[in-house]
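Visitor: Taken in order, these protein sequences are the chains called A and B.
FYI, my numbering numbers position 239 of the first sequence as 239, with every residue one higher than the one before it.
Numbers in my numbering are just positions in the second sequence, counted from 1, shifted up by 643.
Just so you know, these hints were derived from the structure itself, not from any lab.
Small disclaimer: the values here were computed from a predicted structure and weren't measured.
Beta carbons: idealized from backbone N, C-alpha and C, even for Gly.
A portion of the hints provided could be inaccurate.
Stated by the list, open to error - Taking lysine to aspartate or glutamate and the DMTMM-like style, the derived pairs with C-alpha atoms no more than 20 Å apart in a straight line are:
| no. | chain 1 | residue 1 | chain 2 | residue 2 |
| --- | --- | --- | --- | --- |
| 1 | A | K616 | A | E158 |
| 2 | A | K428 | A | D456 |
| 3 | B | K892 | A | D240 |
| 4 | A | K280 | B | E883 |
| 5 | B | K675 | A | D277 |
| 6 | B | K675 | A | D288 |
| 7 | A | K407 | A | D364 |
| 8 | B | K892 | A | D288 |
| 9 | B | K851 | A | D240 |
| 10 | A | K275 | B | D672 |
| 11 | A | K280 | B | D672 |
| 12 | A | K275 | B | E673 |
| 13 | A | K280 | B | D853 |
| 14 | A | K72 | A | D205 |
Stated by the list, open to error - If you want the ones that stay clear, here's a sample from chain A, every Cβ over 10 Å from chain B, calculated:
| no. | residue |
| --- | --- |
| 15 | L14 |
| 16 | D30 |
| 17 | E143 |
| 18 | T183 |
| 19 | G298 |
| 20 | T349 |
| 21 | L357 |
| 22 | E366 |
| 23 | Y511 |
| 24 | F561 |
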Amino acid sequence: MYSVAQTPDSTFYLNNVVVTGTRTPKLLKDSPIPTRLITSADIEKVDATNVEDLLQQEMPGVEFSYAMNQKKHMNLSGFGGQGILFLVDGERLAGETMDDVDFTRLNMANVERIEIVKGAVSALYGSNAGGGVINIITKDGTEPWTLHLNGRLARHNERRLGGAYGVNGRHLKNMLNVNHTSTDNFSVHNAENPATQVVSTIYGDRTWNIKDRLVFMPTNKLKLIGRVGYFYRELTRTADTPERYRDFNAGLRGLWNITPSDNLELSYSFDQYDKSDYHKIPHIDVRDYSNVQNTFRGLYHHHDKNSGDILTVGADFMHDYLMNKNLGSQYESQNSFDAFAQYDWLINTRWELVGALRYDYFSDSESARFTPKLSARYSLPITVNAQPSTLNLRFGYGMGFRSPALKEKYYNFDMEGIWIIRGNPDLKSELSHNFNVSADYTKGHYNFTIAAYYNDVQNKLATGVPHYLPGDDKQLYLDYANLAKYSIYGGDATVQARWSNGISARLSYAYTNERFPKDKEGHTINNQYIPARKHSLTARIDWDKQFTSNYGLLLSLNGRFLSAVKNVEFIDYYDISKGTSTIHYPAYTLWKFSATQRIGKAFRVTAALDNLFNYKPKYHYFNSPLTDGINLMVGLSVDIEKL
Amino acid sequence: MRSPYLLTAFTLLMSTLSACHGVLDDIYDEPKGNVDMKQGRLYMDASSWLDWYYLDFNTINKNFAEGGTSSMFVRYAIPTEEAPDQNAQPSTLSPQPGLYTYWYDVFGAGLSNHDFRGFTPTAAQPEPDVWHIAVHRNNVRTNGGAAYETTYTSIADLPESSEAFKDATFTPDEWNELDVWTLREQMLQGIISNQGIEVNPVLSSWLKVDIPPVPPVFTLNNHVFIVKFEDDTYAAIQLENYQSPSGTKCCLTINYKYPY
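One chain only, chain A, in its complex shape (with noise of 0.2 Å):
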């Protein structure tokens, strides 16, 4: 794993297959449409629990905030929540809190790679996906048995303990995953007089994921592969009553090759994701939050060997059930449906042409659309003092499409006294047009990237202005709504680096332009989220080197910074006639430094001092690193079929 790549591609991971973008396995360097990957030694040099971890620390561009209530939010580039579709081994996720998937369940263990396709390029992903798709992969087993232990200690009682049993026989597979997590609620002090909502108390949780995974390969053609997984959340804000979530999740997948050119997929998914409160003294666990996807899907393959075209047809079909107490009948359902062609054409050896066109219905809205996707990759050989070396454009379009979710029409939600929050059944669909340029160059040691990319909103959804109605000026209402024309724009640039003696380097730097959303009308409206910040930037460098067959050591200094960010919010959200005004976010940058030894084959020893420079924040903002000054964490994990 730490021995030093022999090719510039390998160096940089552009040998690695990647699947997201088109679902038939290329190669990173191939691939039409821009993918950034992030692989399992990526994962282990930050450290990561979960992908919160992770992706702020690898993706500029990529910050994770409060929303009401300290729940967490993600922005990619100006999209989250209903706009970026998180992915488990190609199946989605049930349920959402302020719009955004439980970001806990996605642990870290266990992970082989993660793949990110920006924009509403892939034909594949429909509603939900206007922003990206972020796919996590995880490890399938290669030896004849595995068993992986780790765990990691932290401040404020933080544990991360977790398993990983892996069989693996001719006909045979099973991984048996087992991770547990928890850390104590913690209080952060604010100074005086800040500017807008600030939160004293960072709550810690407790958290059980397991899943098992069993791969049946009765032929060479034919695999089976099914699923089962549990989660459990407990997160405690008020002592008698804290809070649950649950998922259970199940599936089972059948993949066919009928010929060398010609394979067949069916999946069947099935995802159940709880709320509860358990009130401690009458000993009772109230749900009052349930949403269950059933999918189905079909897609077939055909490879035509001669030209190396590749055609994709598949379908989906899912029934999406929610149970909401905030509902107005509690109860809502609906059945959506999709259809795709893709066609992958590789004109020549420089020129890929990837197009597609998607079709979606929604039972609910009664809303069908066609949304056509186009990508083109073109590869030009640059010979640089005799040494052979390719410089990749890419360019793409992409129209997403968004009906509206069954929240977003049916909520009644009295928040907190303020405003009742009220779904709008008169929402139309949302439509986005995306527009992405990018080139990479590899030369020896380096490895460039530079992207650009612009997206427009049509009938974005979300909440709109808070109003009353007619004859009553005591009780405020907050509707969704279908808003004015809204752009983002943007670009990421990465320089990476990898020498001979073991030190690797990579920095990045992500321009994202949010435009303020408004109503139709040109009125401000309540923006849920803070916007994303304009300049970002992730640093890391790394030292590995193996002293001897049975010692190695790995240093890695990873950082990260964010600019300032502005945001404009109601000044008294209980009196609204006194205006808006625009509230200042401040810039952080935060760094964290870790030691990895590898001693034996078996086992390696982590010690990290994340937030490595004492960054407390003066006012803890919803937007602001959840920290309260410099944590040590000590981890160690073992292989134990290699002692």
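Given the coordinates of chain A, assemble chain B onto it according to the supplied hints.
Guide: Frame of chain A; chain B shown alone:
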């Protein structure tokens, strides 16, 4: 070897196909129905920020004796309209009724760090002719009485009569303009208008509210309190629960013994 796995997979598929509305409903509970009121046990929804609920133990005992269980409490709204004929400034020598507006450092040092921001004179708090105690959320007043906190956690374990506590130090009601939170229109800014009124600090400690964190932490004190009234009668009272069956806070289940 293959059969058990195939059987498991088939069973899994069949069980989930029928699960359009989810599985494992049984692990959850339904909110229990109304709390039963009986002699010695009361249930009071005191969650309103704008009302005091007055309670007369003699009326309650008579009501139970006659088989009744409802209308045991009398609700009186907290005056919030400005009374222009009153002084517009609060007096420290003779506290006057009104709304005392304070800023609380809810996101910093907590409720102990506060700052006076204004006063609105109002009419005095109306009350019935006969009453023993009054409840507003986590606040309790007595009608000229005084309270003592025992270490007992069950009324059944108390000594036979209140004579056992005759030498205890009972605390009377005290002026308070910080705790009876009444108007919360500016709560997100940490500003709350409180009713200025006498409250019993010992009895009110049966339900403690701490900030930070936000939302507040409620802590129940299940000790039995002895209350001595003006007519030299005694009551033993205990807070058993502060939540309704559906989880609403400040819905109080109260155990009592009167006369004690």
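Visitor: Output the indices of the hints that this structure fails to meet, ascending.
Guide: Result: no hint breaks.
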